[in-house]
Amino acid sequence: MAIASGLAEQFFVDANDLSAATAGARRLSSSMSPLQTPVISERGMRRIPGLRDGAMDVDSWFDDSVIHPVLSTLPTVDRVATWCLTTALGGPTASIVGKQIGYDPTRGQDGSLALATSVLGNGSALEWGRSLTGGGAFGNLAVQGSAGSLTGYNDEAIAATNFGLQLYVHLLSFTGTSITIAVHDSNDNGAGDAYAIVPGATTAALTTPGAVRVTTSATENVKEWLRITTTGTFSAATFVAAYVRNATARWF
Amino acid sequence: VSGLTVEQARALRDIVKSVPNRLGLFRNTLGAEPKNAPGMGITCSVFCHAVTPILRSSIAATSLRVEFHVRLQIPWSTAPEEDLDPVLMSAAVAVMGGYAAGLRLSPAEAAGIDVRAIDIRGMEGVSMAAPFGTLDHDGKKYRAVLITVPILLNNVLTEVP
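Taken in order, these protein sequences are the chains called R and C.
Under the numbering used here, the first residue of the first sequence is numbered 1, with each subsequent residue one higher.
Under the numbering used here, the first residue of the second sequence is numbered 1, with each subsequent residue one higher.
No lab work stands behind these hints: they were computed from the structure.
Values in this document were obtained by computation on a predicted structure and should not be read as measured data.
Here a beta-carbon is modelled for each residue, glycine too, at the ideal position from N, C-alpha and C.
Please note that the accuracy of each hint is not assured.
To be verified - Sample of chain C residues facing chain R (criterion: CB under 8 Å; computed from the structure): (1) Ser77; (2) Ala79; (3) Asn155; (4) Glu159.
To be verified - Residues of chain R placed beyond 10 Å of chain C at every Cβ, according to the derived structure: (5) Ile48; (6) Gly50; (7) Glu156; (8) Gly190.
Stated by the list, open to error - If you anchor each label on the Cβ, the simulated ranges turn out as follows: (9) Ala247(R) with Leu55(C): 34 to 40 Å; (10) Ser2(C) with Ala159(R): 38 to 44 Å; (11) Arg27(R) with Phe47(C): 43 to 49 Å; (12) Ala100(C) with Ser72(R): 24 to 30 Å; (13) Ala194(R) with Glu109(C): 49 to 55 Å; (14) Val160(C) with Leu74(R): 31 to 37 Å; (15) Ser106(C) with Ser72(R): 42 to 48 Å.
All chains should be built: construct the whole structure from the sequences, respecting the hints.
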């Protein structure tokens, strides 16, 4: 892909699509504070990995139907937030689990009303992944009327990895008994090697809209092709899913 | 909302027109720029001036600024000449006040038009300015005031890469 713009992005918080009233992102940060451990045998400062952290600072426009009911609640429990940089299948995403800090309005003299909100990571950093639900008529939103599989995505950067993956799922709306959203993998898009579940890469049976982050074993083999497969009994489900493939041993 | 249908555009124009119409100050309120020279009294006409995408959009769709022009014109030959501008000024402020009193053009919602606000102060361009001037219209001269009515519409252009 060539240089692209930031047009046509999407932003999800828990079970909500906030794209229509989100103005932009000021910071999508995945940081690490190294620990300084100087030793007498080296002339340069030595640093070893320290705490990882993540932050997502987002500006929105005041919207009493889209933004306000969601962000004004300022919950003390964790938020799951996903920023999709494109609406394409396999498009880059930034996801974070953390605490929402602030819902601070700024009223400009010209009459505009903007709000600043942050999500600071809790227990894990902000993670860059790829969307497994993009490319449809609703961007990154997958709309299903019954259980089934979505289009597979070939992460061409790496053939297969042995370090597991993390899965972020936002279930936006749901009608039915339950839905289980899982990642299946294959070497060749199911041509010779049938898609099979990546062990551990599945949500629980979800019965209400919400969002989760799922991690597999850190040594799980993840094949080249990935797709979302849902199971359960339902008549309508709208969700967003993004995965983070660990290219090297997971460390967080 | 994605796009603007003819019906919606017409509804929007009608709503914009209804504000000066309701004031009862004008001999006639037209929904288009008049071709022929209007007669005595103040004639009000409402017509579109420009449609511009705006910066203060959302991340998934671009919002639009739709500028209407509301023109008030009165024949220059009306006596007393000294009273033309005060009368026009008062009428122009009444029109602007009418828009301020219905900032979000609430009837537009029924037509499926998502109006953020009338951009009175100029969040996205010129404010609801009303410059005065003289107008040569179909061979007749008028004193006129051209009120810009900028309307911000949310998320009209859905973006798809």
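Provide an ascending list of the numbers of those earlier hints which the structure does not satisfy.
Violated hints (numbers, rising): 1, 2, 15; every other hint is consistent with the structure.
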